[in-house]
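*Asks:* Here is how the chains run, residue by residue.
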Amino acid sequence: MSIFRMTDEESVRFRQITVLGVRRNVRGVAVEEARRQLQRISPYGSFQALPELVPGACEPYSVPPTGEAALSYRGLPYDLLEDLLPLSGAWKQTMPFLMPREDVATGRPITPLHGGHVGLLCTAGLLNGVFGQGDDRHIARWRSVKHVTTFVEEDGDEQIIHHRERWANELRLVYADGRTLKLTETPAKQEGEDDAECAPETRAA
Amino acid sequence: MQNAHLRLGLLEYRRMTEKTSTRIRLRVDRYVGEDEQAHLISVFGNDSDVGAITAAVHEKATFTLTFPDGEVKEVSLGEHASCYKGAVSLADRKHPVRHLVAVSEQLYTNGGVGRAILLQYQRDQAWATLVSFLGLPAEPSWAEHVLGVVELEERIKALDGIGCQPVLISVTTEEMLEWIGDGLRSQALAFPEKNGPIAWPKCF
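Protein chains in written order, with our numbering: chain A, 1 to 205; chain B, 1 to 204.
It should be emphasised that the hints constitute simulated quantities derived from the structure, not laboratory data.
Among the hints, erroneous ones may be present.
With a Cα cut of at most 30 angstroms, we get these calculated DSS-like pairs of lysine-lysine [stated by the list, open to error]: (1) B:K19 x A:K182; (2) B:K19 x A:K92; (3) B:K194 x B:K157; (4) B:K202 x B:K60; (5) A:K182 x B:K73; (6) A:K146 x B:K94; (7) B:K85 x A:K92; (8) B:K202 x B:K85; (9) B:K19 x A:K146; (10) B:K60 x B:K73; (11) B:K19 x B:K94; (12) A:K146 x B:K73.
Note that this is a predicted model, so its numbers are computed, not measured.
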């Protein structure tokens with residue numbers, strides 16, 4: 001360990017020194033020797049007794065070679081996240097708006113279906129498929145459609161716009177000979193009514 | 001896959017008030033948009049940033065979106081947007097990464113009013129999706145013919161996308177039924193030989 005006094009005016013004013021040494025783990029006698037050396041320079045007058053810090057005051061220290069520098073990335077792992085995000089709950093909730101719905105039920109019921117069962121299954125879209133014989137062979141597809149009826153009510157000088165929503169079941173058929181048919185429980189649209197299909201069956205439930 | 005950073009976009013939200021200035025940047029893994037109208041934005045990040053973007057979506061804020069190729073656009077989800085949140089847990093992290101998917105009102109009613117937005121256009125998947133959204137009585141093997149007509153009619157428009165190649169198909173149920181009927185009459189389409197349910201291929 002080498003100790004030097006600094007010669008700059010400000011350094012002299014505050015009795016600043018420089019301690020140069022090689023850091024290593026020391027124990028026992030070496031620790032005591034280092035402590036004694038520091039205590040020797042602690043008295044007030046000992047500052048001037050120290051050698052000046054000038055170029056060449058001590059032997060140059062050659063920096064030992066180190067291993068290759070390892071760069072580490074501490075941000076989000078994009079590659080991993082790109083693979084995991086499609087499994088997140090947010091995507092599962094969004095999928096019905098972008099992907100087709102699996103709406104065909106197959107299997108044999110435990111008990112024979114009565115008319116009410118069939119009606120419920122039809123309107124739920126679970127009995128879509130090919131039906132009929134001969135000229136009446138057709139493909140049937142049920143779905144639920146939201147209709148919005150808009151009408152304006154006059155209240156003095158003010159106009160109150162009402163939007164009335166209702167859900168209806170709709171059956172579309174296409175026959176083998178090319179005929180198509182749309183069956184609904186609601187009457188055909190009247191002139192002046194502002195009806196619109198607003199949501200596909202995925203949001204019907 | 002590797003090099004995901006080359007495929008991700010960047011969503012930036014700035015808000016200036018008298019006393020504070022907020023600037024939030026999140027990575028975008030999926031985006032669907034039509035000019036300035038965003039239809040779907042999927043972003044991920046920490047809890048507070050994702051929360052701030054959620055609030056901004058509900059406030060109908062405008063975002064600056066940077067595409068992977070460097071193109072920059074100002075986009076907004078508009079009124080009545082919906083937000084869906086999720087979380088992805090990583091093994092070496094204390095807190096999960098938050099995930100937000102924001103959906104425009106138009107995408108929420110996808111398939112209605114003669115507009116269907118698809119994440120990508122592959123005939124089999126596109127046909128299954130259209131049949132489901134429009135409620136068409138149809139068969140999987142009809143995809144080639146009917147979508148051929150849709151392409152001829154130039155009803156398919158490419159949309160802006162990140163992480164997907166979205167398209168907008170402008171077609172109504174009545175038009176599709178008409179084309180199906182024409183196909184059956186001209187025998188370009190074959191009617192199924194057996195009665196029963198129709199099996200559709202799984203799309204995901």
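*Asks:* Quick one: which hint numbers does this structure break? Sort them smallest to largest.
*Replies:* Hints 1, 2, 3, 4, 5, 6, 9, 11, 12 are the ones this structure does not satisfy, whereas the remaining hints hold.
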